[in-house]
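Undergrad: Bring the two chains, given one by one in their own frames, into a single complex with the hints.
Sequence order for the protein chains is A and B.
The end of the first sequence is residue 433 by the numbering used here, with every number in the run present.
The end of the second sequence is residue 327 by the numbering used here, with every number in the run present.
Source of the hints: derived by calculation from the structure; they are not laboratory data.
Careful: at least some of the hints might be erroneous.
Heads up, simulated DMTMM-like pairs for lysine to aspartate or glutamate below, C-alpha to C-alpha not over 20 Å straight-line [said to hold, decoys possible]:
(1) Lys-207/B <-> Glu-38/A
(2) Lys-175/B <-> Asp-355/A
(3) Lys-190/A <-> Asp-207/A
Chain A residues, not near chain B, derived (Cβ > 10 Å throughout) [what the hints assert, rightly or not]:
(4) Tyr-84
(5) Val-135
(6) Gln-142
(7) Lys-148
(8) Lys-206
(9) Gln-221
(10) Asp-289
(11) Thr-312
(12) Val-323
(13) Thr-337
(14) Thr-354
(15) Pro-391
(16) Phe-405
(17) Ile-407
So the derived label-pair ranges between C-beta atoms look like this [unchecked claim]:
(18) Ile-47/A <-> Asn-315/B: 31 to 39 Å
(19) Asn-53/A <-> Arg-292/B: 41 to 49 Å
(20) Ser-228/B <-> Thr-312/A: 55 to 63 Å
(21) Thr-312/A <-> Asn-107/B: 58 to 66 Å
(22) Ile-47/A <-> Gly-210/B: 49 to 57 Å
(23) Ile-52/A <-> Gly-210/B: 20 to 28 Å
(24) Ile-310/B <-> Ala-58/A: 51 to 59 Å
Since we're looking at a predicted model, the values are computed, not measured.
Even for Gly, the Cβ is constructed at its ideal location relative to N, Cα and C.
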Amino acid sequence: MEFFETVNSAIEALRINKLRSALTSLGIIIGVASVILLVSLGTGLQNYITSEFEKLGSNVLFVIPGRIGFGGRGPGGATVNKLSLDHVKKIERKIDNLVGVVPTVQQFTTVKYQNKVQKDVTIVGTTELFAEIANLPAVKGKFFDKSQIDSGKKVAVIGQTIVDKVFGTKDPIGEKIDIKGQKYQVIGVLAAQGSTLGVDQDNNVIIPFTTAQRQFGTNQVNNIYAKAQTQANVEETAEKMTKVLLEDLSEDDFSVLTAKQTLSTIQGILGVISATLAGIAAISLLVGGIGISNIMLVSVTERTHEIGLRKAVGARPTDILLQFLIEAIILSVLGGIIGLTLASAGALVASRFVPAQVTPWSVVIAFGFSILVGIIFGVAPAIRASRLEPIVALRHE
Amino acid sequence: MTPIISAKNLAKSYGEPPNQTTALNDLSLTIKKGEFTAIIGPSGSGKSTLMHILGCLDKQDQGQYLFEGKDVSSLSENDLAKIRNQKIGFVFQFFNLLPRTSSLKNVQMPLLYAGIDKKKRGEQAIAQLTAVGLADKLNSTPAQLSGGQQQRVAIARALVNNPLVIFADEPTGNLDTKSSSEIMEIFKKLNDRGHTIVMITHERDIASHTSRIITIRDGRIIQDEKNVKTKRTISKLDV
Chain A
37 MEFFETVNSA
47 IEALRINKLR
57 SALTSLGIII
67 GVASVILLVS
77 LGTGLQNYIT
87 SEFEKLGSNV
97 LFVIPGRIGF
107 GGRGPGGATV
117 NKLSLDHVKK
127 IERKIDNLVG
137 VVPTVQQFTT
147 VKYQNKVQKD
157 VTIVGTTELF
167 AEIANLPAVK
177 GKFFDKSQID
187 SGKKVAVIGQ
197 TIVDKVFGTK
207 DPIGEKIDIK
217 GQKYQVIGVL
227 AAQGSTLGVD
237 QDNNVIIPFT
247 TAQRQFGTNQ
257 VNNIYAKAQT
267 QANVEETAEK
277 MTKVLLEDLS
287 EDDFSVLTAK
297 QTLSTIQGIL
307 GVISATLAGI
317 AAISLLVGGI
327 GISNIMLVSV
337 TERTHEIGLR
347 KAVGARPTDI
357 LLQFLIEAII
367 LSVLGGIIGL
377 TLASAGALVA
387 SRFVPAQVTP
397 WSVVIAFGFS
407 ILVGIIFGVA
417 PAIRASRLEP
427 IVALRHE
Chain B
89 MTPIISAKNL
99 AKSYGEPPNQ
109 TTALNDLSLT
119 IKKGEFTAII
129 GPSGSGKSTL
139 MHILGCLDKQ
149 DQGQYLFEGK
159 DVSSLSENDL
169 AKIRNQKIGF
179 VFQFFNLLPR
189 TSSLKNVQMP
199 LLYAGIDKKK
209 RGEQAIAQLT
219 AVGLADKLNS
229 TPAQLSGGQQ
239 QRVAIARALV
249 NNPLVIFADE
259 PTGNLDTKSS
269 SEIMEIFKKL
279 NDRGHTIVMI
289 THERDIASHT
299 SRIITIRDGR
309 IIQDEKNVKT
319 KRTISKLDV
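Chain B with its partners taken away, still in its complex shape (with noise of 0.2 Å):
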């Protein structure tokens, strides 16, 4: 079976010379279907610059980046905007919903661009928003919201379209320990249905709920270790 992500020695840096930093060197990943991988590493190491070519965001300098066989760099930008509209859902550290938007209608937006009818936008929002626990707070905006239901917001959102990989850049790096476990518990429990996760954190703690743990440093990865004793919270959330 294709991997769903197949990377293979990206480069990537940003400035130029002499002031260059380099965010990604000559890395190579594989990342099959129904995993769930966390990406470590400190603030610099190039995690977070990995995860927007990953996520079709951005472009690597060199290598080649194979989503689920097709090689990104040769797709248009319509390609591109269909890939992450389809295939990748998105979950942010600082949670990216529009201010003063319902959460209904930030859940939707990703079905607006797919072209859905509206009863079914509806439907479908509503849907991942009980989901998520959230079906009392379908017309509150995010001001009205805490981070940790924001934040579940932003991931029915991003389930909202089914697709294929999601990827989380530090979703837990805004929230309280409590909002932080409840989150993780989701995720775990999207993996257990078999989504794909990818999931970016500096925190080894939250790193140990995920199956697998790649350890990036100064844009190499410099370990790749399956966790086989996954923490298990108990579960409060019925998702």
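In isolation and in its complexed conformation, chain A is listed as follows (with noise of 0.2 Å):
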């Protein structure tokens, strides 16, 4: 038989029985719909963490306290922040291929400006070259200078967010600022970060080091930044650097981290999470599969006297064979199709609140994995078919 005319007579018995189709697609329908979309967000997000590090810059470096890794008490706690600005110059003297090195200190408090409050912002204290360094630069007015560091000037760079939520459409510049009971002129306005994984870059203020050293109380520094001249000398730099600090401090102290190597980090873990979530996603697609070997069976034994009959007018053991087998594919494709519709959709949906992105090698694999779903689980009942005997299957009611 023409295998055009085989996979239209296997459409023709799916159609008979419409329900029990769609509920045996439906298994490689929710498999395929999950894997294509597990694998999407995992895929997303990982796009999104590195085009957010690639607008940091990867020349970067920072040092943080704490040590990462085994044994590490982990980053950014303040008791255990043994860095201090004797660390910067050190490095700034010792460590000649830097475009600069920049100290920060860092706090979270409420701004006002007349009567408006916003909450939550980051303060930021730093030296001229962070601007440069962390590749945000103002973009009216201007970021304070050295002099103005030296002599610790109340001057403030603000973020686009403080402007639009305080300041609406006034000009900000030279206006005062209220952080924590000392007034700060605005000097400056950076540019907009926009939001990253839901968390506002703009609402950020950036005062003077020596500044916000004597507002927040403290000798110490939250991190060090410092970036190299070109991408080749930072793992290089990087070495240094910890060479330099291991001077005066033990490993569990700092961590030295380079762009590349922190985003490289974050991408492996969310490389382990996504495989894992699509692995669990691809045990329901195997699932589904069962489901189809199994409605094919109870198909094969229904349809026994059909498979009789057709023997009897001629049929061929291969051509039994293939009526089952395409059904159980046309099964399983269908439900690829239809899994894959659903999934685009939803990662379009979610792609509004999270990052999401179907890539094509999920859809492919999704997809291949689904016709071959099919054929596996078919083919053992289309086998059991085309074995029947004619005269066994024809006695059979």
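TA: The structure is reproduced here in structure tokens:
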């Protein structure tokens, strides 16, 4: 029998049992949809984080307090922080191929202007080089300079969110804002950065480092940012910085991170998470396949008489085998197509809230897998059907 | 001329000893082209088993069966499928049509396995259905047809590949008297036009329409007679 005719009669047979066919496909639909959706969420997240890091610049190095890795007490804990301005100066002095190195101190607090209040603002105390190193220039007014830092001026460069929420349409330059009871003169507005993973990156105020230490009452440095001259010598610079810092500190007191390293760590974690999720989703695909096998076996038993009749009028074993195999494949491909459509729609909806991206390879894999499932789970019932003796099958009622 | 059917010393039994039942016991039979043969016998006499073996649906335990001079036991599954498809047409007691499938599609089924193209399939199926008087029932499903009409669809299906021999297993066994005589009329017309027909029945009255009556009992032929006074009914059907 011609292949096309076999496909036609398979479709007809499936249409006769519409509800059963739909329910059988459901397993595959759920499997394919969840594989694609989970992979697209994972990929979307990875791409998003990569692009966020690229914005930061791949030449950047960070020193954070505490040790990341085995036995570390976690980064950023103020109680274990032993970083100070001396370390910054030492790095500046001993490492020559840096574009610059800056310390930062940070606190979250409330910023007021007249009767307007903006909560949970990140106050960053740093030096004039921060604009270049963190790739965060002032787009209006200007950044503070070295003399303003040395003299501990109460000046501030504010983020776009502060402008929008506190000043509205009013020009903020020259106005005075209130940070914890101290008045700061706004001298510049930072370039807008948008938000990362739902966290607003523009809800910040940058003030001179000396002023910040005095305001926060600390001699410490939260983080040290440095920028290498080229991407090629980032790793080498990281090693040198580690060596310099080890002169005064122990291995547990700090970590030197590069953007690339951090990125690959995060990507590694995300990769494992999304592979695990996809694996779990693949189990549902497997269960869907077993459902197909089950229904095809029922169908062979139910249609034993039909098989006998077909053989009596001249069907070869191959014709019967193909008929049932193609039915199983159609069920799984149909499930695959519907699952793919649902996943794409789901990813489209999800991408309004979280980064999600349907990747071609996940589609190919999920789709290919669903066809494979159809073949693997359809072949046993189909072989059983093809081997039925015509007369035994005909007698079956 | 080689007879279409030449069976020698056929034996077939079912089950394992000691509960074995013998269906065929050393049965020999020859059928030539153009014969209209009835095989009659009570139920359990082995007549259905005989027809299944002759129709290449089943195999004998012992003996030799030559179909058109070819030893059937030496043929592969695919060769047998081809013989059933091209040389044999079956008509069954319970019609054996695919449910929820139109007359036209049912009749086309053997052509599908013969690899005939779509246009030709349609033409041949329509021609056969027209010949059995069902030109207006092409798209009816078995459930929408009477028993007699269903059996006529089955006959159209048996004929559509222009087979060498038609095997009919109690073709009227499930029909009322009127439908039965209509079906018999069709078979006789077919025989008049040269078709070889082997029909199984347990009704003498039905067998009397044929030209040769073979009686079997306990798996053996006990009588093989020429029926000279073949019963004729007034034809209402133009076949």
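Undergrad: Against each hint, give a clear statement of whether it holds in the structure.
TA: To see whether the hints hold, each was checked on the structure:
1. In summary, the hint linking Lys-207/B to Glu-38/A is supported, as the alpha carbons are separated by about 14 Å, within the 20 Å threshold.
2. Taken as a hint, the Lys-175/B and Asp-355/A pair is honoured in the structure, with Cα atoms around 19 Å apart against an allowance of 20 Å.
3. Proximity of Lys-190/A to Asp-207/A is assessed by CA-CA distance (about 19 Å); at most 20 Å being required, the pair is judged to hold.
4. Its beta-carbon lying about 53 Å from the closest one in chain B, Tyr-84/A satisfies the requirement of being farther than 10 Å from that chain.
5. Here Val-135/A stays apart from chain B, with its beta-carbon at least about 75 Å from theirs, past the 10 Å limit.
6. No Cβ of chain B approaches the Cβ of Gln-142/A within 10 Å, the least distance being about 74 Å, so the stated non-interface status holds.
7. Residue placement check: Lys-148/A keeps its beta carbon more than 10 Å from all beta carbons of chain B (closest about 78 Å).
8. Every CB of chain B lies more than 10 Å from the CB of Lys-206/A, the least distance being 77 Å, so the non-interface label holds.
9. A cut-off of 10 Å between C-beta atoms confirms that Gln-221/A is not in contact with chain B; the least separation is 86 Å.
10. Residue placement check: Asp-289/A keeps its beta carbon more than 10 Å from all beta carbons of chain B (closest about 80 Å).
11. Non-interface call for Thr-312/A relative to chain B: holds, since the shortest CB-CB distance, roughly 46 Å, exceeds 10 Å.
12. Non-interface status of Val-323/A relative to chain B is upheld: no Cβ of that chain comes within 10 Å, the nearest being about 30 Å off.
13. For Thr-337/A, the requirement that its beta carbon stay farther than 10 Å from each beta carbon of chain B is met, with the minimum near 16 Å.
14. For Thr-354/A, the shortest C-beta to C-beta distance to chain B comes to about 8 Å, within the 10 Å cut-off, and the non-interface label is violated.
15. Once the 10 Å rule is applied to beta carbons, Pro-391/A is consistent with being away from chain B; the minimum gap is 50 Å.
16. At roughly 32 Å from the closest C-beta of chain B, the C-beta of Phe-405/A stays outside 10 Å, upholding its exclusion from the interface.
17. Residue placement check: Ile-407/A keeps its beta carbon more than 10 Å from all beta carbons of chain B (closest about 25 Å).
18. A hinted range of 31 to 39 Å is violated for the C-beta pair Ile-47/A and Asn-315/B, which are about 49 Å apart.
19. At about 44 Å, the CB distance of Asn-53/A to Arg-292/B agrees with the hint of 41 to 49 Å.
20. Between Ser-228/B and Thr-312/A the beta carbon distance is about 57 Å. The supplied range of 55 to 63 Å therefore holds.
21. In this structure the hint that Thr-312/A and Asn-107/B lie 58 to 66 Å apart at CB holds, the actual value being about 59 Å.
22. Taken as a hint, the range 49 to 57 Å is violated for the pair Ile-47/A and Gly-210/B, whose Cβ atoms sit roughly 19 Å apart.
23. Take Ile-52/A and Gly-210/B: their Cβ atoms lie about 21 Å apart, and the range 20 to 28 Å holds.
24. For Ile-310/B and Ala-58/A, the hinted distance range of 51 to 59 Å is satisfied, since their beta carbons lie about 57 Å from each other.
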